[in-house]
Structure formats: C-alpha cells, structure tokens
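There are 2 protein chains.
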Amino acid sequence: MSAAKKVTVVGSGNWGCAIAKIIAKNCARHDEFQNEVTMWMFEEQVEHRGIKRKLSEVFNESKENVKYLPGKVLPDNIRAEPDLKKAAEGADIYVWVLPHQFVPRTVSSMGPVKEGAMSVSLIKGGLELEGGKMGLCSDVLRKLLKHNVSVLMGANVANEVADEQFCEATLGTDAPEKDQNLLVKLFDCATFRVRAVSDIAGVELCGALKNVVALGAGFCDGLQFGSNTKAAIIRIGLEEMTTFIRHFHPSVKDSTFLESCGVADLITTCFGGRNRKCAEAFVKAGGKGWVDIEKELLGGQKLQGTLTAQEIWPIIEAHKLTSRLPLFTTIYQIAFEGKDPKSIVSLSPAIEDANKQESK
Amino acid sequence: MSAAKKVTVVGSGNWGCAIAKIIAKNCARHDEFQNEVTMWMFEEQVEHRGIKRKLSEVFNESKENVKYLPGKVLPDNIRAEPDLKKAAEGADIYVWVLPHQFVPRTVSSMGPVKEGAMSVSLIKGGLELEGGKMGLCSDVLRKLLKHNVSVLMGANVANEVADEQFCEATLGTDAPEKDQNLLVKLFDCATFRVRAVSDIAGVELCGALKNVVALGAGFCDGLQFGSNTKAAIIRIGLEEMTTFIRHFHPSVKDSTFLESCGVADLITTCFGGRNRKCAEAFVKAGGKGWVDIEKELLGGQKLQGTLTAQEIWPIIEAHKLTSRLPLFTTIYQIAFEGKDPKSIVSLSPAIEDANKQESK
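These protein sequence lines map, in sequence, to chains C and W.
Numbering-wise, numbering that gives the first Met the number 0 puts 12 at position 13 of the first sequence, and it's gapless, one number per residue.
Numbering-wise, numbering that gives the first Met the number 0 puts 261 at position 262 of the second sequence, and it's gapless, one number per residue.
The hints are simulated quantities; they were obtained by calculation from the structure and are not laboratory data.
Note that the structure is predicted; figures quoted are calculated from it, not measured.
Hints are not guaranteed to be accurate.
Put simply, identical chains are the same to the list, so a pair is met inside one copy or across any two.
Claimed, not checked - Here are the simulated DSSO-like pairs of lysine-lysine, each with C-alpha atoms no more than 27 Å apart in a straight line:
| no. | residue 1 | residue 2 |
| --- | --- | --- |
| 1 | Lys-341 | Lys-71 |
| 2 | Lys-184 | Lys-341 |
| 3 | Lys-84 | Lys-51 |
Start from the sequences and build out the full structure, keeping to the hints where you can.
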C-alpha cells in the first residue's frame with residue numbers, strides 16, 4: 000500500500016468548512032489518507048466573546064469558524080493554517096474551495112507543488128471567454144498547477160452539509176481509475192453520496208450556471224408566483240444550461256443534467272440558496288442595488304449568481320446565443336438593465352403574439 | 000377549412016375545471032374550434048348559500064364549481080352537462096380528466112363516438128400489469144374508444160393554472176402532424192406553454208410516478224429535512240422513474256425527463272402538491288392511516304400517490320426491480336408496511352456499510 004495521502008483544503012469559508020468536516024471524518028476512517036486535514040484559512044481579525052482575536056486561533060481552539068460557519072463544531076483532526084505556504088506544502092490532494100477570483104494569486108503564492116499531487120475544485124463560477132473558447136476555473140487550476148484537476152459539484156447547501164443531512168454530489172473527473180476511487184473515498188459517506196462521471200466541463204458548468212437560474216427563481220419568489228411557474232422557470236433554466244454547455248462542449252450528455260450536479264443542485268439552489276434569496280430581495284426592494292442587498296443579507300459572503308450572469312453575458316453575446324437563451328438573457332436584463340422582473344414569464348415571441356390576439 | 004371541432008371535457012374536478020378554463024379561452028380565440036366547450040359534470044347535491052342545489056345548475060349560473068374549484072370563475076363559453084350521453088355526443092376532441100378508475104364505466108355509458116374523433120388524456124395513474132406488460136390509462140382509452148389518444152402532463156397544480164399563472168405542459172402524441180398542431184392549439188397559450196413530444200408512455204408514466212416520489216418528498220418535509228436532502232430524494236426519484244419506465248419502454252429518451260412532464264412536474268408536485276402534503280401529515284401524525292389523512296386534508300379529492308404506489312408495487316416485485324428501485328421500494332414500505340420514515344435517507348447497502356465502520 001502506498002503512503003497515506005496528505006489532504007489540504009484551500010479555503011475556509013462557509014462551504015469550505017462544511018466540506019472539511021466530511022473530508023476530515025473520511026480521513027479519520029480510511030487508511031488511504033493521513034488523519035490530519037490542513038485547512039488554509041485566510042487570516043482575519045474577529046470579535047470573539049468581546050475580545051479581538053485571530054480567526055484561525057479561535058478555530059484551532061474551538062474547531063468552530065465563528066465568522067463563516069458559526070455554531071458548527073468541526074472534527075478535531077482539522078487544523079487551520081493561516082500561512083498558505085505551510086498549508087500547501089507536501090499535500091497530495093488539494094481541495095479548492097474559495098472564490099474563483101482568488102485562484103491565480105493563491106496558486107502563485109503557495110510555493111512548489113509535489114509531483115503526482117492532484118486537485119479537486121469545488122469552485123463554482125469563474126467563466127471567461129479566452130480566444131473564442133470558454134475557460135473554466137478547473138482549466139485555470141490545471142494550467143497553473145500542471146496536475147490532474149477534478150471537480151465536485153452537487154446539491155450541497157453548506158449549512159445542511161455541516162449538519163450531516165443526507166445529500167449527493169457529482170465528481171467530474173478524468174483521473175486514472177485508481178485516483179478516481181481515492182477521490183470518491185475522500186468525499187463519499189453515508190450522508191454525502193458521491194458518484195463519479197467523466198464529464199468535467201458539464202459538471203463544472205452546471206455548478207456555475209445554476210446560480211444564474213436561481214436568480215430567476217428568486218425573481219419568481221419576489222413576485223409571489225406559485226410553484227408551477229417556479230418549476231417552469233427552473234426547467235427552462237435547466238434546458239438553457241444544456242443549450243449553453245452543449246454549444247461549447249458538444250459531447251456533453253443529457254444524463255449529466257440528471258445527476259446531483261444538474262437537476263438536484265438546481266432544485267436546492269432555487270429553493271434554499273443565497274442567490275435565490277438575494278434575487279427575491281432585489282424584486283421586493285425595487286430600486287436597491289445588488290451591492291446593498293449582498294451586504295445586508297449575506298454578511299461577508301459573495302453573491303455568485305450575479306457575478307456569473309455578468310461573466311456569461313459577453314459570451315452569450317459574442318456567440319449570438321440570446322435568442323436560444325431567452326431566460327438567461329431576461330435574467331441578465333432584469334438584474335443589470337432595469338428590465339421589469341415580470342418579463343421573466345414572457346420569454347418567447349409566441350407569447351407576445353398570443354397576448355396581442357383578440358377574442359372572437 | 001374543415002368544420003370547427005366540438006370539444007368535450009370529460010370530468011369537472013379541480014384539474015378538470017382549471018384546464019377547461021384554458022381550453023375555453025383557446026376555443027374562443029381560434030377558429031378551428033367551436034366556441035362552446037361542454038364539460039361533463041358528475042352530478043352532486045351541494046349546499047350553496049344555505050340551499051341544497053345541483054352542482055351543475057350552480058355552475059351554469061355562476062360558472063364556478065363551488066365544490067372542487069371554489070372562488071374561480073370560469074369563462075362563459077363552458078357549459079356543464081350532467082348527462083354523460085349528451086355531453087359526449089358529437090364531440091371531435093375528448094379531454095379526459097377524471098380518476099382513472101372511472102374510465103371503463105364512463106366510456107361504456109357515453110354512447111357512440113364520432114368517426115375521426117380523438118382524445119387527450121390528462122389522467123395520471125391507472126397502471127396495471129397485464130400479461131407481464133404494464134398497461135397505461137391511455138392504452139385503456141385507446142382500446143375502448145378505438146381512436147387516437149394523446150396525453151398531456153406537466154407542472155400544473157390546478158389552482159395555479161386556474162389563476163393563469165405561467166406554466167408549461169408536455170403533449171405526448173403519435174397523432175398525425177396536423178392533429179398534433181390542433182391539439183397544441185387547444186391547450187397552448189401565453190400562460191400555459193405546450194410542447195409536443197412523440198413519447199406517449201414516457202410522458203404518461205412521468206405523470207403517474209411523480210406522485211410516488213412526492214410521497215418521499217413529503218416524508219422529508221415531515222421529518223424536517225433540509226433542501227439538500229429533499230433535492231437528493233427528488234433526483235433519485237427522477238432516476239428511478241427513468242429506470243422503471245425504461246424497463247418497460249426501452250426506447251424512452253433522457254430528454255423526455257427534462258420536459259415539463261418530467262423534471263418540472265416532479266418539482267412542483269414535490270413542493271406544492273397534495274401528495275407531498277399528505278405524506279408530510281402521515282409522518283407527523285405517527286400512526287394515522289392514509290384514509291383519515293385524505294379525508295381531513297383533501298375534502299373529497301383523491302390521493303393519487305398512494306394509489307399509484309400500490310399499483311406499481313406488484314409490478315416492481317413481479318419484474319424483480321426492488322434492488323434497482325430502492326427509493327420506490329422504501330416509499331412503499333414506509334407508506335404501507337410500517338417502515339421507519341427515516342429510512343428514506345438510507346437507501347443503499349453502501350450506507351449501512353459506512354455506518355458500521357469504526358473510526359480509526
């Protein structure tokens with residue numbers, strides 16, 4: 000048997016802490032992994048029990064991230080390390096879970112990476128158009144790290160994962176079979192079921208695009224539309240995710256959208272996530288901007304859906320996809336161009352025609 | 000241009016009245032249809048404004064079904080007809096929307112059917128095993144009526160359709176193209192978008208099976224599980240719907256499950272429908288039986304999910320599908336064999352293995 004693998008979680012926000020809990024328990028029970036899991040924690044000053052302290056120190060004493068996942072105690076075998084170089088050193092498996100805009104800076108600051116190491120990206124978003132092709136965050140990681148990068152996406156609202164409520168996730172991977180099995184073992188447990196599929200782009204793009212659809216679902220909620228309408232918007236959203244992804248990755252299968260990363264993540268995000276919540280507030284608040292809503296409702300977390308909507312908009316325009324993506328287009332226009340939120344339910348020209356018709 | 004088609008809606012419950020509203024508006028604005036829509040109404044005595052009266056008389060005065068869709072006024076061009084023979088006579092298009100158990104009796108009592116007539120079934124459920132093959136309700140109608148039968152299913156909670164909230168539906172049909180277009184025109188409008196697919200069995204079975212999955216979603220709600228868990232159960236449900244349907248109809252496509260009849264109907268049923276609601280009550284009430292819950296919560300409506308679960312159970316057993324359908328199996332066992340509702344989240348042997356493992 001080969002030496003036990005050292006696992007480092009790069010990032011320690013809400014989702015980072017929740018997944019670290021799953022990983023740490025698996026590292027404790029499987030011989031393939033070293034017992035201790037290192038979590039790189041970006042250092043911040045926090046007020047804790049009336050005293051200003053370092054976030055990582057409070058975490059290492061209490062195993063609680065008092066700022067981003069308050070109230071959840073993580074396993075003892077997680078150690079927060081604020082020094083990126085120390086956290087990254089000697090790891091065999093990197094689990095990436097930080098806002099995508101921090102990726103290049105983090106990789107360039109973390110020092111040399113061990114030969115044969117691999118990564119799993121849990122980062123949703125970070126799409127950009129590069130020479131007419133759409134770049135993924137896992138592509139950026141692969142280019143910078145020069146090793147194998149898989150992705151893990153699914154219906155995984157962080158707080159519920161931290162509470163060990165049953166859910167599923169999808170590992171998109173092209174790693175050799177033995178490494179795939181190892182990665183499944185790192186994440187899979189009774190309450191967090193993981194299935195591997197060979198479609199990295201499909202899995203990762205589902206994870207990014209569903210946040211855009213969630214804005215549409217939130218607009219529905221803000222307008223107090225019923226469950227039929229919301230289900231229709233979610234379904235159209237899934238269809239447009241398929242259209243968008245297939246435009247750039249023609250080989251993606253319908254079955255990927257039926258995995259946890261597809262339909263399940265979309266459902267949970269459209270009913271329980273922060274993008275939905277902020278979009279609902281956006282409609283209800285009338286003129287209020289996204290920055291204010293984010294500040295008010297998310298307490299330091301980032302709103303991914305609006306960011307992704309802005310990232311994909313130039314891609315949609317450059318590839319002349321607006322007529323094939325009426326929902327994505329309408330969501331962007333409502334969010335950033337002052338279009339009436341009610342237009343979310345009048346997507347196709349056929350509808351306007353029908354409205355114009357007179358009764359006999 | 001051929002003569003305007005006479006349309007009869009067979010059934011006048013909650014969903015029958017809601018769809019009759021859509022149909023009546025389309026009949027009023029499209030020359031292809033006669034203006035007046037006949038709705039067969041099973042006669043009942045109702046107490047209306049303190050007086051005992053006939054349901055159909057009250058309807059024809061007020062255009063309100065005071066028992067099954069109270070508070071919604073339907074268009075003037077719908078006429079309720081309690082005499083089945085009169086309602087059915089001379090119709091070109093029958094829209095079937097009554098509990099499936101009434102189908103044979105209704106067809107045999109309705110008198111002769113016009114040559115060239117066709118039907119659309121909106122009936123969800125009515126599956127049975129016939130000579131090793133699974134029979135559909137549309138098969139029964141086709142056999143009895145000896146004409147073309149399409150099906151219409153989708154994310155269509157009746158009250159919201161009656162309120163003209165935006166939604167979608169899927170027409171499963173093998174009618175000639177001209178008839179398909181006619182049927183789409185009968186249902187499609189700005190707030191009720193209809194798309195035709197050629198897969199009758201897939202569409203109809205989605206409509207039946209989703210009610211079984213909704214029981215699972217309701218159990219989750221009764222147990223106060225979060226949105227990740229519910230999304231996972233819904234996704235596994237969709238996967239088992241695919242497995243079940245494909246076992247009997249190997250040619251069914253993944254894409255059918257991404258239509259309104261598939262994923263959207265499943266979502267709306269798992270968040271808004273009566274099956275979910277009763278299943279939640281079933282868990283919360285402990286020992287209370289389905290009959291009591293149905294009586295208490297549904298006021299005369301039938302609970303479809305438990306019926307369908309009982310219908311498919313012998314089919315699942317006869318075809319040795321229990322290990323491939325762990326969710327359907329567990330839902331049946333919770334609903335009818337006293338299994339612990341919590342077992343909904345321990346579906347696979349892998350989970351038990353994981354729970355048995357000790358920490359290192």
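Hint check:
In this homomeric assembly, Lys-341 and Lys-71 come within 27 Å of each other (Cα to Cα) only across copies, at 23 Å, whereas the closest approach inside a single copy is 39 Å. Taking identical chains as interchangeable, the C-alpha atoms of Lys-184 and Lys-341 lie at most 27 Å apart only when they sit on different chains, with a minimum of 25 Å there against 46 Å within one chain. For a Cα distance limit of 27 Å, the shortest separation of Lys-84 from Lys-51 inside one copy, 25 Å, qualifies, whereas the shortest one across copies, 82 Å, does not.
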